[in-house]
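With chain A fixed as given, assemble chain B onto it according to the hints.
The listed protein sequences derive, respectively, from chains A and B.
Per this note's numbering: the first sequence = residues 1 to 400.
Per this note's numbering: the second sequence = residues 1 to 442.
To be clear, the hints were calculated from the coordinates, so they are not data collected in a lab.
DSS-like, lysine-lysine: derived pairs with alpha carbons at most 30 Å apart:
1) B:199 - B:81
2) A:35 - A:253
3) A:162 - A:253
4) A:253 - B:81
5) A:387 - B:327
Below are the chains, spelled out letter by letter.
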Amino acid sequence: MAAAGTMIGNRVFVVLLILRLSFCPCLVGGTNEYKRQLTLQLNPNSTSVPPGGDLLHVRAVGDNDTLHFLWCSQGAPTLLIVHTNTSNSLVQVNWTQFLSRNVSGGLSVEPQSSIQYSIAVVFSRLLEYDDANDTAMPDSDFFPPYELQNLNWNRLELFDAKARLCGETPEFGNGSLCLTLSVFDSDGRAESWPRLLHSANSSQLEVWLHGIMPRSANSRFLLEMQAVGGDFPLSRVDVRQFIDDEFTPSIFKVSQWVSPVKGGSDVSGYVQWKPVAYRQSNPALEDATPCRYSDPQTQDGNATAASSALIQAFFSQPNITGLNVSFGLAGEPFYNSTRFLSWTMLVGVGAPPVDTFSPIVLAIMAVGLGTPMILLLVGGALVCLHKRRHGSPATYQPIN
Amino acid sequence: MADFVERQNLLEDDESSPAERRSASGDDRPMSAICDPSRLPHRAVVLVFMCFLGFGSYFCYDNPAALQTQVIQDLNLNTAKFMQLYAWYSWPNVVLCFFGGFLLDRVFGIRLGTIIFSLFVCVGQVIFAAGAWYDLFWLMELGRFVFGIGGESLAVAQNTYAVNWFKGKELNLVFGLQLSMARLGSTVNMNIMGWVYNKVAVVVGSPGPTTLGASLMIAAVTCLFSLVCALVLGFLDKRAERILHKEEGKTGEVIKLTDVKDFPLTLWLVFIICVGYYVAIFPFIGLGQVFFIEKFNFSPAEARAVNSIVYIISAPASPVLGFVVDKTGRNVVWVMMAVVATLAAHMMLAFTFWNPWIAMSLLGVSYSLLACALWPMVAFMVPEHQLGTAYGFMQSIQNLGLALIAMAAGAILDSRGYLVLEVFFCACICSQYFYLSFLLVF
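Here chain B stands alone, though its shape is the one from the complex:
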């Protein structure tokens, strides 16, 4: 999703930077490097805030997975209801992915928009925690819904800020860093929330909805932190606009729904491959902790660690693999390899008792590989003015698939257990071969 914005703005690269420099030098007030928006030290400071903008939302997205046993036990849920917490995050994004760019460009502007979406993330997490505290499941679902409204659009805003401040050769590095920070948020969440819960349980006295609610409130502090970053970014951006006389950043997205009829068949295949792949990754990570505890006799802390290895690996692997894919081209072959590797990982987890660290590391590498190879393919298939619509569609379908499959995964697990669930994921991945072979032929 980030890449199309990058390509668009790289084309405008040569025109805008001289203009920037002209306006900066036209202003005679001397400023220290760290306060001058056109100099690197200040932009590095802005980069730090930009990276932490998404930290809170990624940290809180996987809170249910990190506390799976506690959520299920304290609130007396079954796995199907537990997965609803993920489904409700995805539902608003089925529609919002189309309108996120539009809202940021035309309605709110990037600065106000970022703050609003950060607020949604914060408020959503607080409602979620309150629902856990008072043992009201419908309130938790509402909290995840509100959280979802803010979460994905915040990513769009983050990318827009990045493009606005870091055009040119630095942009890849910035995107890579933002992605790594996002993954860092998920990893920290997986490994810390269990410990937080245990500490809170000691203070409260016993595990229960109150303990769960309190732990989730503590997690909401990261969202508050992200909100502060959003406010600071808004201030710095406004200040830079005033000093450098440049325009407020735009996402560059133009969403026209009528473009859909022009999409080639190969693009629809890419959409389907995207959905079919991600539904075998995210719901699995959501349910992974108990699987590792039961089948491989891991302790809860170990199980959370191995669950988070996918994110830990994708943080450094994404820029490296992106570079490799850029150099060699042949995206379809790389996607094929990623699919094969993911299938191998799932089969290892389902049919053997081999150390799951191996399978999960393989899963992490293939997940990064697919992200680097699949998303840019869209840019090769549609003309530039339709790119926004295409990516919006892709996100939207992905969220729809995730919402549905998350619920299905929970239901399958409740009735038939882990092997059938893994076989189901393997079948999803195997269906990718089918579509990929068509892509290769065409």
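Just chain A, with the same shape it has in the complex:
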């Protein structure tokens, strides 16, 4: 009897599972299924290797729009994303103007009227402070900052679908600051922690502080970034909480530095990260260190344009906001313990990707929580049936 009940239960469960999954595409889906064609060009239309840094152009063509990713190491490392509404837009570089770095217009996207939105992120400075009392309050005891425009940037290394840029300076010792750009043609999730969910409209930047010689035993680092948001500057950071930490264990938040459209809830561009950095290159859960950010503040456009060739060339009057990301909290190990920090962020246009459950978790939840419901219903029905068939026994039976 119990076996028959289980069989019926199983059939009902399967039907319920299918119904549940088909009515909740929001849980299983993530971002739009959208594919782009990627083409890479290193130093486009340049007759010789430009001194001082490279310019990488990745053209991601969709059905009727294009994303141009420009990654430049002339001066401070800069990522520029330009979104156009045609699949035929091109990037034109006037190398003389571009390399002179004193006028704008050296880089343009043609046709100019097709440009919908542009967002740029500049890595301007790496700051270091001596956290002698282990309070992780970066307001004093700063060492002289590293201006990233003054680092010796190596040539861009292209491998897989990534471009790595490493910079050195004598003060780092044997260490380097590496920035790895990955551009994607469709939805997916990175392999290494924090396993950010990306779409075809986003790119991922990994920052590695690798082997840098800290100037004190209790040093902690901050990374300063500046962003230009086209018409709508990146003015606020939203923090979103969610219950699923499957892909980044023990992290339940995501921070998004967004450029809101006219103060509303729509956003046209974003920088997204999870507030965690890792102290090993193949991290385990214990190697996670939290990070914090400061509020975005307006910065001087002229100074930024002077530090980055790409900003100078593309934007005429950029509206710059900047913030710091600081690594480590009070009580966490210092940089000196492993001399390694890795931090990942996504830069993209449109709305930031929303994290979802993995199919395994959903399946376990459906089985684990659905089965008892079924069993309770079936069991209750069977008990009622049993009682009705046999009636309730009398308390006293006649003896004779």
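Same frame as chain A, now just chain B:
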């Protein structure tokens, strides 16, 4: 576990108390109330020592949970290895639960046995602390193993003493008090060890294995205190035996492994329910502190407090709920309710950001409810002469399940995070419905 001993000895209640009184009055030496073993004031003093007998072991059992971040950071562990500290406590008890009663009855006697097990608890905690001091993880595991040998058997000894001194109507109160003291030990541990560690860190200079080792040594003082209680109890018991001419207490357990083939199917279901339930409670509390810090943004002190609420609630709730279950009967329904409440608590913690105090309080109530309703069910299902074996089996399976699931929980957390861990616990609890529905039908 305590209840079966109580029922056995309540049956002998009427025969032994007149005998006691006869021997006491046969002795002509006048004694003050506090020195007379048959009078209440002396027995109250004995009760105090009896309660504190288990304090040290419960205090030190949850030391890893109270210092989770420090243990992991100072010794460079991952969560899976951290949970080994709990697994190694449970391994000896898989086997020892059978033999604990036998050892206390036939081999050592209750007095010597209690002292020996207290020594194991003490020595185990000292080895554990030494392992932390010298940063030797294998030594810490050995320490927990030795600690485990003493810990569970000490509980059996404590119950035996209680039955021996407090037969009759007082026994429920005494068991309730002993359980409350045990919970008190756990609570104090959760809330104090962090503070102790910080103070030691100031003295030593910086956090590290030395600081951890020193904090654990300080915790071992409670075990020393329990050892002293064991010695005093042994002395008082021997003195009472001499004055009252009564026998040394026995556990009353007779473990015959051949009884296993007579166990009904419903009893095996109860075993499985017991395991499936406790593995969703204790490993969760072991890993809870960091969960509350990360997900709910609690400070470490707050996180420890909310972690300990389960124990704080079960201290007063156990006697009350026990009374309610006794009055109404229908143990299976109460067990069902406890399982539903625990599932609700875990789901609240996993899928919402609601204040975890609510979920953890619910967990505390349902944990107490299950303890009051599930353990006595065994007494309804097996004849009295098999009760010892049945309870021994139940403890043994519970410890086996705890050891395995503790390690699994650590591994799951390391690779997939807290949500998957909570879903895993929810799945464990949901499997209980399955077995409970069978119980209801049969």
